[in-house]
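Colleague: Residue numbers (the numbering used here), protein chains in the order written: chain A, 2 to 199; chain B, 2 to 199.
Bear in mind the hints are in silico, worked out from the structure with no lab data behind them.
Heads up, some of the hints might be wrong.
Note that the list lumps identical chains together, so a pair holds whenever it fits in one copy or between two copies.
[What the hints assert, rightly or not] When the alpha-carbon atoms are kept at most 30 Å apart in a straight line, the in silico DSS-like pairs for lysine-lysine are as follows:
1) K130 <-> K30
2) K3 <-> K18
3) K196 <-> K169
4) K186 <-> K74
Protein chains: 2
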Amino acid sequence: MKQGVLFIISGPSGTGKGTICNELLKQEKMFLSVSNTTRERRVGEIDGVTYNYVSVEEFERQIDKGGFLEYAKYGSNYYGTPREPVESRLQRGENVLLEIEPQGALKVKQQISDAVMIFIIPPSMKELKKRLEERGRETKEQIDERMEASKWEFSKAAQYNFICVNDKLDECVERVRAIIHDTVKERGLIENLLKENY
Amino acid sequence: MKQGVLFIISGPSGTGKGTICNELLKQEKMFLSVSNTTRERRVGEIDGVTYNYVSVEEFERQIDKGGFLEYAKYGSNYYGTPREPVESRLQRGENVLLEIEPQGALKVKQQISDAVMIFIIPPSMKELKKRLEERGRETKEQIDERMEASKWEFSKAAQYNFICVNDKLDECVERVRAIIHDTVKERGLIENLLKENY
Numbered sequence: 002m003k004q005g006v007l008f009i010i011s012g013p014s015g016t017g018k019g020t021i022c023n024e025l026l027k028q029e030k031m032f033l034s035v036s037n038t039t040r041e042r043r044v045g046e047i048d049g050v051t052y053n054y055v056s057v058e059e060f061e062r063q064i065d066k067g068g069f070l071e072y073a074k075y076g077s078n079y080y081g082t083p084r085e086p087v088e089s090r091l092q093r094g095e096n097v098l099l100e101i102e103p104q105g106a107l108k109v110k111q112q113i114s115d116a117v118m119i120f121i122i123p124p125s126m127k128e129l130k131k132r133l134e135e136r137g138r139e140t141k142e143q144i145d146e147r148m149e150a151s152k153w154e155f156s157k158a159a160q161y162n163f164i165c166v167n168d169k170l171d172e173c174v175e176r177v178r179a180i181i182h183d184t185v186k187e188r189g190l191i192e193n194l195l196k197e198n199y
Numbered sequence: 002m003k004q005g006v007l008f009i010i011s012g013p014s015g016t017g018k019g020t021i022c023n024e025l026l027k028q029e030k031m032f033l034s035v036s037n038t039t040r041e042r043r044v045g046e047i048d049g050v051t052y053n054y055v056s057v058e059e060f061e062r063q064i065d066k067g068g069f070l071e072y073a074k075y076g077s078n079y080y081g082t083p084r085e086p087v088e089s090r091l092q093r094g095e096n097v098l099l100e101i102e103p104q105g106a107l108k109v110k111q112q113i114s115d116a117v118m119i120f121i122i123p124p125s126m127k128e129l130k131k132r133l134e135e136r137g138r139e140t141k142e143q144i145d146e147r148m149e150a151s152k153w154e155f156s157k158a159a160q161y162n163f164i165c166v167n168d169k170l171d172e173c174v175e176r177v178r179a180i181i182h183d184t185v186k187e188r189g190l191i192e193n194l195l196k197e198n199y
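Start from the sequences and build out the full structure, keeping to the hints where you can.
Modeller: Printed below as a string of structure tokens:
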């Protein structure tokens, strides 16, 4: 049966991954992978949409069962990508969208080697800093840390399948959509070759 | 300093990898990686161009030193991709072209994770068989074996960065050239981000 394709949207904090994914979901039929977390739900967040909110005990039980494609602990909170929903959708032939920071993305790719990794970059570091500041979520120190972290993340960009500059949102979304369509078409060509009698 | 990019051209036997690489070398400034082999030189082949012809002893000494990005033994003959010429060119900022069968390609990618893997496919299995027959190098049994091997190879295509159909040679070469130019441009964007003061 036809397998679905996992599309991983990644890149440093502040590059607009989330906005791009929201736009993609409006225009493309894809299943969005929702992460599990043990942190508390904030105002405006929706259980099962923003995150699946679970207890530390439940999260750790799932770790032991190999239930995550990747997970990490930031401060005292766990975050992870549950394996089952992603793998079952792919098996059913559905395409899956996963928005994730670069360290997690590389871990997922190690397990799902035919995932398509798309790296979103800002037009410049100055612009990235400006976006983080305008978002107004973090202190100056936290923004400096994010800017430093982005350097390590950029140094891994060459391991991705595609790099997209998010200068104008519309254009970036169109480019990602083109990548999705081209990939689905290419995978179809391969499936046809494998089925062909000669 | 700016690193070069390793472009791996791969795909089943008979898809036209060699012809594509010859065309690329006419049009692009790249260093072609030449394989080492212990098999005898055939009429028309040139030492240092078709292959580097070495003794079994020398080949095995190089294996022991970790001198190959990948190697394999077919029948009683060794074939391998020497590590040093590829790595030194990349370090000097030169782009490197490597034509190799899919099993070897995947091994090289494990070691040079930011290599760009391009998979060449035929328009159909019937066409692939026709090309192998017209080449006239092999027996019917050998062609059947190659066709069977191609199925395993196609099943790995999704691990490549790009898939290109070689239906019309000119168009396929143009597509590969576009991939090369786009990649070099993207890697340049990343290098600029890493250098930027903000």
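Colleague: Take the hints in turn and mark each one as holding or not.
Modeller: Taking the hints in turn, this is what the structure says about them:
1. K130 <-> K30: Neither: 33 Å inside a copy, 37 Å across copies.
2. K3 <-> K18: both (28 Å within a copy, 28 Å between copies)
3. K196 <-> K169: Between copies, since 23 Å is at most 30 Å while 41 Å is not.
4. K186 <-> K74: Result: close neither inside a copy nor across copies, 37 Å intra and 35 Å inter.
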